[in-house]
Amino acid sequence: MKRLVPALLGTVLIVTGVVAGSWQLDRAAQKLAMQAKLDEGRGRAPIDIGASSANPREVEYQRARAHGTWLANRTVLIDNKVRGGIPGYYVVTPLRLDGSTTHLLVQRGWIAGIPDRREPEIRTPSGEVEVVGELRIPASRVFELSSAPPQGRVWQNLTLDRFREATGLSLQPVVMLQTSDADDGLERTWDRPDLGIDKHRGYALQWFGLAFATACAFAVYIYRGRKRMRER
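Numbering-wise (the working numbering), the sequence shown opens with residue 1 and increments by one.
Calculated from the structure, these hints are not laboratory results. What you are looking at is a predicted structure, and each value in this text was computed from that prediction instead of being measured. We put the beta carbon where it would ideally sit given N, CA and C, even for glycine. Any given hint could be a false lead.
[As the list claims (entries may be wrong)] Derived Cβ-Cβ restraints for the label pairs, each shown as a range:
id, residue 1, residue 2, range
1, S126, R188, 14 to 24 Å
2, M34, L205, 31 to 41 Å
3, A219, A36, 33 to 43 Å
4, F212, A51, 31 to 41 Å
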């Protein structure tokens with residue numbers, strides 16, 4: 001019985017390490033395919049986003065073009081966005097798509113905050129505009145200390161459901177990160193998404209290392225046990 005317990009424990013650790021390591025490698029492969037999709041989407045001509053509801057999984061990371069009119073009075077500022085050590089906001093405005101009542105949420109750019117915490121002035125082009133950018137699937141849930149709905153234009157986080165609830169607008173199920181120029185004073189340099197490929201590979205290495213170390217320790221344990229039996 002004394003020998004059975006270490007054997008079972010060693011087997012469990014080895015199997016766990018191999019299974020978990022393989023799962024992490026599989027996740028890394030999935031993220032690698034997602035990265036390839038992102039890079040491919042950036043190299044394609046922009047697709048047109050209209051009133052018809054887009055399939056989020058099919059258009060994610062694609063370049064897109066939309067025509068419509070800004071709803072400037074529905075602009076929100078996403079707080080605590082730091083660039084170059086300067087705190088500021090992401091400016092998000094719904095675009096009413098031409099010939100429809102459907103809207104596309106557009107993350108138009110970044111603007112620096114004002115030291116006294118007054119809201120910065122946002123310039124929004126009037127009339128019909130063409131906007132080009134990259135499509136993203138926004139987070140469906142966010143962690144916040146308070147569940148109360150946001151008050152005013154400054155929000156800590158943004159989800160489509162929250163914006164839809166606050167405004168009553170019909171929205172496309174994706175958000176556009178604007179890349180086209182506009183005379184609005186906003187900075188539009190978007191970071192490439194970190195999909196965590198190296199993180200998954202690192203975790204896989206740790207799990208496989210655990211399995212290997214356990215196998216080595218188990219082999220030494222068996223060798224010493226047999227050696228003691230021969231010496232009796």
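Original post:
Which of the numbered hints above does this structure break?
Top reply: 2 and 4
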